[in-house]
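Enquirer: Residues per chain are reported as follows:
2 protein chains.
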Amino acid sequence: MIKEIKIQLRDDKREIPQDISKVKFGKTFSDHMFLMDYNSKDGWHDARIVPHGPIPIDPGAMVFHYAQEIFEGMKAYRRPDGGVQFFRPYENIKRMARSGERVSMPAMDEDMFMEALRKLVEVDKDWVPSAAGSSLYIRPFMFATDVGLGVHASDSYLFCILTCPVASYYPEGINPIKIMIEDEDVRAVRGGTGFAKCGGNYAASIRASKRASEKGFSQVLWLDGVERKYIEEVGAMNIMFKIDGKIITPALNGSVLPGITRMSSMELLRSWGYEVEERLISVDELMEAAKNGKLEEAWGTGTAAVVSPVGRLTYKGEDFTVQDGGIGPVTQKLYDGLTGIQSGKVEDTFHWMEKLEK
Amino acid sequence: MIKEIKIQLRDDKREIPQDISKVKFGKTFSDHMFLMDYNSKDGWHDARIVPHGPIPIDPGAMVFHYAQEIFEGMKAYRRPDGGVQFFRPYENIKRMARSGERVSMPAMDEDMFMEALRKLVEVDKDWVPSAAGSSLYIRPFMFATDVGLGVHASDSYLFCILTCPVASYYPEGINPIKIMIEDEDVRAVRGGTGFAKCGGNYAASIRASKRASEKGFSQVLWLDGVERKYIEEVGAMNIMFKIDGKIITPALNGSVLPGITRMSSMELLRSWGYEVEERLISVDELMEAAKNGKLEEAWGTGTAAVVSPVGRLTYKGEDFTVQDGGIGPVTQKLYDGLTGIQSGKVEDTFHWMEKLEK
Numbered sequence: 001m002i003k004e005i006k007i008q009l010r011d012d013k014r015e016i017p018q019d020i021s022k023v024k025f026g027k028t029f030s031d032h033m034f035l036m037d038y039n040s041k042d043g044w045h046d047a048r049i050v051p052h053g054p055i056p057i058d059p060g061a062m063v064f065h066y067a068q069e070i071f072e073g074m075k076a077y078r079r080p081d082g083g084v085q086f087f088r089p090y091e092n093i094k095r096m097a098r099s100g101e102r103v104s105m106p107a108m109d110e111d112m113f114m115e116a117l118r119k120l121v122e123v124d125k126d127w128v129p130s131a132a133g134s135s136l137y138i139r140p141f142m143f144a145t146d147v148g149l150g151v152h153a154s155d156s157y158l159f160c161i162l163t164c165p166v167a168s169y170y171p172e173g174i175n176p177i178k179i180m181i182e183d184e185d186v187r188a189v190r191g192g193t194g195f196a197k198c199g200g201n202y203a204a205s206i207r208a209s210k211r212a213s214e215k216g217f218s219q220v221l222w223l224d225g226v227e228r229k230y231i232e233e234v235g236a237m238n239i240m241f242k243i244d245g246k247i248i249t250p251a252l253n254g255s256v257l258p259g260i261t262r263m264s265s266m267e268l269l270r271s272w273g274y275e276v277e278e279r280l281i282s283v284d285e286l287m288e289a290a291k292n293g294k295l296e297e298a299w300g301t302g303t304a305a306v307v308s309p310v311g312r313l314t315y316k317g318e319d320f321t322v323q324d325g326g327i328g329p330v331t332q333k334l335y336d337g338l339t340g341i342q343s344g345k346v347e348d349t350f351h352w353m354e355k356l357e358k
Numbered sequence: 001m002i003k004e005i006k007i008q009l010r011d012d013k014r015e016i017p018q019d020i021s022k023v024k025f026g027k028t029f030s031d032h033m034f035l036m037d038y039n040s041k042d043g044w045h046d047a048r049i050v051p052h053g054p055i056p057i058d059p060g061a062m063v064f065h066y067a068q069e070i071f072e073g074m075k076a077y078r079r080p081d082g083g084v085q086f087f088r089p090y091e092n093i094k095r096m097a098r099s100g101e102r103v104s105m106p107a108m109d110e111d112m113f114m115e116a117l118r119k120l121v122e123v124d125k126d127w128v129p130s131a132a133g134s135s136l137y138i139r140p141f142m143f144a145t146d147v148g149l150g151v152h153a154s155d156s157y158l159f160c161i162l163t164c165p166v167a168s169y170y171p172e173g174i175n176p177i178k179i180m181i182e183d184e185d186v187r188a189v190r191g192g193t194g195f196a197k198c199g200g201n202y203a204a205s206i207r208a209s210k211r212a213s214e215k216g217f218s219q220v221l222w223l224d225g226v227e228r229k230y231i232e233e234v235g236a237m238n239i240m241f242k243i244d245g246k247i248i249t250p251a252l253n254g255s256v257l258p259g260i261t262r263m264s265s266m267e268l269l270r271s272w273g274y275e276v277e278e279r280l281i282s283v284d285e286l287m288e289a290a291k292n293g294k295l296e297e298a299w300g301t302g303t304a305a306v307v308s309p310v311g312r313l314t315y316k317g318e319d320f321t322v323q324d325g326g327i328g329p330v331t332q333k334l335y336d337g338l339t340g341i342q343s344g345k346v347e348d349t350f351h352w353m354e355k356l357e358k
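Quick note, the sequences are listed as chains F and A, same order. Position 9 of the first sequence, counting from 1, maps to 9 under the numbering used here, and the rest follow consecutively. Position 157 of the second sequence, counting from 1, maps to 157 under the numbering used here, and the rest follow consecutively.
Please keep in mind that the hints were generated in silico from the structure rather than gathered at the bench. Since we're looking at a predicted model, the values are computed, not measured. Keep in mind that a hint or two might mislead.
Said to hold, decoys possible - Restricting the straight-line Cα-Cα distance to at most 25 Å, the calculated cross-link-like pairs of lysine-lysine (BS3-like) are:
(1) F:K215 - A:K41
(2) A:K229 - F:K229
(3) F:K229 - F:K215
Okay, chain F solo, but in the shape it has when bound (with noise of 0.2 Å):
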C-alpha cells in the first residue's frame, strides 16, 4: 500500500477528443500523471497525481546518457455497462520489474503499483473512450534521475504514469500489414536486453524501421542477433504464423519480447483446440512455407494493435502475400475474441480483466 497519494487536479482542464477515431497514436494525454519517487535511503517516496506536463529534469541525470529506463504499455477499456477495465495489469507489472532487473533497476510491490493506476485512471476516467477497439493506452514507466556522468546504477529514479485515450494503433484499422524481414540491422541478442521492455532496444531499432517504412512497409521482423536466421518479432509486436494447420510463434529465448497479447493469444488458441508451438523458426522455413502455400495466415500480437494481420512478407527482395493480402479467419477470430473479452463484450472466462472498481 501506498502512505498516501497527493492528488493535485488541473484548473485548465484539456478537452476530452469527441472523435477518438481521429486521435493519433500517443499524442494526446490525459489530464494526470501519476509520479513517485525512489532512491535507496527512502525507498519508494512521495507518491502524487498531478496534471500532466514538463518537469524540472537536470540535463547531467543518468538517463540522458545512459539510458537506464525501462516502461509497459497495457490498456484499460470501457465495458458496456459504462465501468472501466484493465487487461491484465499484474502482468505487466511482473513484466517491469523483470526488465528493471536487467538494467539494475528497482521494483515496486505490486500493490502499490496497482493501486496507483487504479487511482490515477479513476481520476481520469472520463478519459477512457468508448468507441469500438478504443480504449485508454497506460504507459508505466521509470527512469533514472541521478545527476553525474560515472556509469553505474543510479541511486535515485522517477516513476511515471501517463495514459492516452486511443482508437487502434495502425490508421487503417485491422487491415493487414506489409512487413519486410530486416536482415542488416539487428534489435536485440541473447544476453543482451531484448526481453526487457528497455529504451535502448526501441532506438536500436528505429533505422531499419524508417528505412522500411520509406519502402512502403508498416514494420520489420526481426532476425536473431546471433545467426541471423531465426524468426523473432515484428517492430512493435509478436509475431505468429499458422503453417499447415499449426500455429508457430518463436519461443522466449531471452532477445524476443515475452508479450502479453503474445501470451494471451496462445491460451485462446490453444482453448479453441489449435495446436500452438513456441519454437525457433528459420526464415528458411517461413519462405519456403510461403513458397508451397503452407503459410496460411500471419500476424502480430501487441498491446497498442491487439491483433494485426499480415498480409504481405518481403525478404531480400522478394515478395510472398499471405492469405491473398486479407485477413484470416484465425487472425480475424483471435482479434474479435481478444477485443471482446477487454471491451466486456464476451465473457471473460480466463479472468483476465480487473475492474476499476473495487
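Position chain A against the provided structure of chain F, taking the given hints into account.
Expert: Chain A only, in chain F's frame:
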C-alpha cells in the same frame, strides 16, 4: 557557423574546486551549459549558453521511452603556458555523427559543433584545472524531445554540452585494475548499436558491472555477442594486450566502440616501432598466453582514464595476474606519452591538439 550564441551568465557562481583530487568523476559541473534545439523544419537553432541547471521536459518526451540519445566524451587540458587545448575534438564530432546515423538522429555541422565547444569552454575557462592528470571533461549529448508514444525517429532534439573538472577517472590513479571477463550478459552485437555511443549500450552493461564490482573488480571485459568467445572491450574503455612482444587489440567489428584514445594509442605505439595488430582475439588465446607467461601487459584506453593498466584478469573463476599485478613498461610509456601531449608537456608531433585560442 552558428548565427548567434546567446549567452546568459549565472549570477550565483559556483565554487571552483580547489583540490581537484577530491572531485568525484562527473559529479561537479562547471557554471554553464550549451544548449541548441533541432527540428526538421527549422534545422539547428536557438544556440545558447545558460547556467547549468534543470530544464523543464515533458515526461512524454521520446528520450524517456525509446532512448533515442547519443553522447560523446572528450577533454580539454590546461597547458603549462596557462592556455587551454582540446584533444582531437574533430574525432569526437565525427563519431557523434556516426552514432547519430545508427539511431536516426541528425548530425551537426562540424564547425558549428567546434564553435559551441570553444565558446562554452571559453566562458568557463577558469574551471579547467591545472593539476597533473586533471582536465576538463566535456560531455556533448543529444536526445529526442518529441512528445508522443509512437515508436519512430523524433522530429525534434536537444543538443547539450556539459563540462566537469576532473582528476583521474579511477580514484586509485594509474594503479592496476582487476577485470572480470563477463560470460553471462552481452553488451552489444554486430548489426546492433555497439559501435555507437548511444545510451542503450550503457544501460545493457550496468548489471554486469555491478556484479563485478560486488566481487571486487573495477570493470568487466566483454565478449562478442555472437560466439561469446572474442574479446571486445572493457566497460568504459577499449582493451590492448602485449603478447609475446606484439601489441594486440580487438578489431572494430561493429560492436566495439571506435575509441579515440584507442586510435591515438595505436598511432603512438607504431611511431615508437611497436608492432600493433587489430584483429580478432579469442578469450582462449588470451588465457593460453596468460598461462604460458606470454601475456606481458594488458591495459585499457579511454577518454576518462586515458590508460589503465590491468593487473588481474578473471575468467570463469580462473585468476591470472598480469605483469605481477604492476604497471608494465609499455603501459607506462603510453600513459606518459598520451598525457604528455594532452597536457602540452610533450611536443604534439601528431597535431592532435586544438588550441582554445584561435
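Enquirer: For each hint, tell me whether it holds in the structure or not.
Expert: Structure-based check of each hint:
no., hint, verdict
1, F:K215 - A:K41, "23 Å, holds"
2, A:K229 - F:K229, "20 Å, holds"
3, F:K229 - F:K215, "22 Å, holds"
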